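Participant: Modelling step: build the complete structure from the supplied sequences, incorporating the hints.
Protein chains: 2
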Amino acid sequence: MLGAIEAGGTKIVCAVAPKEALTQIAERISIPTGTPQETMPKIIAFFKNYQIEAIGIGSFGPIDVDPSSPTYGFITNTPKLAWKHFDFLGTMKKAFAVPYFWTTDVNAAAFGELKHGSAVGNENCIYITVGTGIGGGVVLNGKVIEGKGHPEIGHIYINQLVHDSFEGNCPYHKNCLEGLAAGPAIEARAGKPAQNLAADNPAWELEAHYLAEACVNYTLSFSPEKIIFGGGVMKQAHLFPLVREKFTELLNGYLPISQVDQYIVPCALQDNAGIVGCLALAKETL
Amino acid sequence: MLGAIEAGGTKIVCAVAPKEALTQIAERISIPTGTPQETMPKIIAFFKNYQIEAIGIGSFGPIDVDPSSPTYGFITNTPKLAWKHFDFLGTMKKAFAVPYFWTTDVNAAAFGELKHGSAVGNENCIYITVGTGIGGGVVLNGKVIEGKGHPEIGHIYINQLVHDSFEGNCPYHKNCLEGLAAGPAIEARAGKPAQNLAADNPAWELEAHYLAEACVNYTLSFSPEKIIFGGGVMKQAHLFPLVREKFTELLNGYLPISQVDQYIVPCALQDNAGIVGCLALAKETL
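Line by line, the protein sequences give chains A and B.
Heads up: take any position in the first sequence, counting from 1, add 7, and you land on our numbering.
Heads up: take any position in the second sequence, counting from 1, add 7, and you land on our numbering.
For the record, the hints were derived by calculation from the structure and aren't laboratory data.
It is possible that some hints are incorrect.
Which copy? The list can't say, so a pair holds if one copy fits it or any two copies do.
Unchecked claim - Straight-line alpha carbon distances no greater than 27 Å define the calculated BS3-like cross-link-like pairs of lysine-lysine that follow:
1) Lys87 with Lys290
2) Lys199 with Lys55
3) Lys91 with Lys199
4) Lys49 with Lys253
5) Lys91 with Lys26
6) Lys290 with Lys181
7) Lys100 with Lys55
8) Lys253 with Lys181
9) Lys18 with Lys242
10) Lys100 with Lys18
11) Lys49 with Lys100
12) Lys101 with Lys91
13) Lys290 with Lys150
14) Lys100 with Lys242
15) Lys242 with Lys91
Owing to the predicted nature of the structure, the values given are computational and were not obtained by experimental measurement.
Facilitator: Quick look at the structure:
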């Protein structure tokens, strides 16, 4: 059996699946993200019921992914103070002496989509989740991308349109992508939640413009074969044609993207992208 | 002996060096970039004088770096029409049956700086040249980054400041980074060439702001250990403290950058970054 932990800011999902059929999850649990002292014993108890060969962990971040660092495997600068500087990977290793893959939740989701979702058959993809925040993971040449750290591409600066007077609500950067285009930014401008806005509300055109700028930047930076969107905001299916149209205008033929409707696509695994990705990453360690 | 070809839009530099001492270039020539029919025979004649074991090529782009593509090794969508769809690598392979490393000029420069310049001792760096255009190369985990394509990070969108009314002069994207911050943009706003502007001209503060925004985006995308600037505009040494200051403000502590004066740095190899990088890449193939 393979184990998977998708650690999010509000809940932590654990799952086990046979390595021959990763997407056939044998059992899963969802635990509210309490303090590490409350939460880690529940995670460990879950896996004790199985003969686990390897575990993939996709964690909320920022996390330390540099194997040469003394704090490799730690959660670092998170606003969730109980988890700040917590040795997540080390705690797991003490409980189970198996191989681990340690990365971000969004890198895991990108890998899940590559192996079992919208990017099957490709080697390079980006996964972006647009919800209460914006986060992104990157797979290049079949591997999740990590340098000294991991991508934080939800916080890139893009060009704010002149007629958009919203100052942006990212606590770090105000008008970065997350500050201009995550759910709370849409809600702050409109005065009501994004999911209550009609499909013809001009808010969506603005949203599509910002996401399209981000897609141009990701394309120029990583040359993926697919850009895959997930998250609550992207459940608005009418956004996809708008994002594609504006992306094509903004890239303006600089690089060849033959079929934009096959390039900017929804997440196929939906809410399972992260956990399936963690299972697939666990398999990679064997 | 190792061979190197740094193919730029105006000149092509060829060099040979012993593999034990790459930076001790035995001979180099510089050829104006004519048509391929004029230029390639001169390149080939130069290398005929040596026993070459491997050749590294860093070419102006965009180029096809996807080994599974039928046009791998070609220059693709360049405005230099004589070179558009030219099989650069294939032409060299017909002349010399040796191992090749084929990448962009800026990826080669990034690799040169990693091995012999400002990023010695690191595994991850970015090289950005700011001159008549803006281009960038990326090295992650000791390897030049390439997915389906190669980075084109000089053309990313950044946030144009409200008080800057210049429309941008990138022929593809108008107000992308290149369109707002390359030499011609500085000149268009000021009415005279960038190198004639005094160090206290407000143009430099604007320039530093845009380069700092780009540095934030590169940091969030690639988590390099160094961002290395080269190119004509960056010969203005007073730009570096300004870029660092604005970068620190714009990143706002989101990720830890302990010593920004060691993080955003000038190119150490100066005009040799590309050719030394090509030699170092040639060595990698052995």
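Participant: If a hint holds in the structure, say so; if it does not, say that too.
Facilitator: We went through each hint and held it up to the structure:
1. Lys87 with Lys290: For Lys87 and Lys290, neither the intra-copy (30 Å) nor the inter-copy (47 Å) Cα distance is at most 27 Å.
2. Lys199 with Lys55: neither (45 Å within a copy, 71 Å between copies)
3. Lys91 with Lys199: Classified as neither; 32 Å inside a copy, 51 Å across copies.
4. Lys49 with Lys253: Neither way: Lys49 and Lys253 sit 46 Å apart in one copy and 45 Å across, limit 27 Å.
5. Lys91 with Lys26: This pair counts as neither: shortest intra-copy Cα distance 32 Å, inter-copy 47 Å.
6. Lys290 with Lys181: neither (39 Å within a copy, 46 Å between copies)
7. Lys100 with Lys55: Within one copy, since 13 Å is at most 27 Å while 57 Å is not.
8. Lys253 with Lys181: For Lys253 and Lys181, both the intra-copy (23 Å) and inter-copy (15 Å) Cα distances are at most 27 Å.
9. Lys18 with Lys242: within (20 Å within a copy, 51 Å between copies)
10. Lys100 with Lys18: within (21 Å within a copy, 55 Å between copies)
11. Lys49 with Lys100: Close inside one copy (15 Å), not across copies (60 Å); limit 27 Å.
12. Lys101 with Lys91: Answer is within; shortest intra-copy Cα gap is 19 Å, inter-copy 57 Å.
13. Lys290 with Lys150: Both, since 13 Å and 25 Å are each at most 27 Å.
14. Lys100 with Lys242: neither (37 Å within a copy, 50 Å between copies)
15. Lys242 with Lys91: neither (31 Å within a copy, 41 Å between copies)
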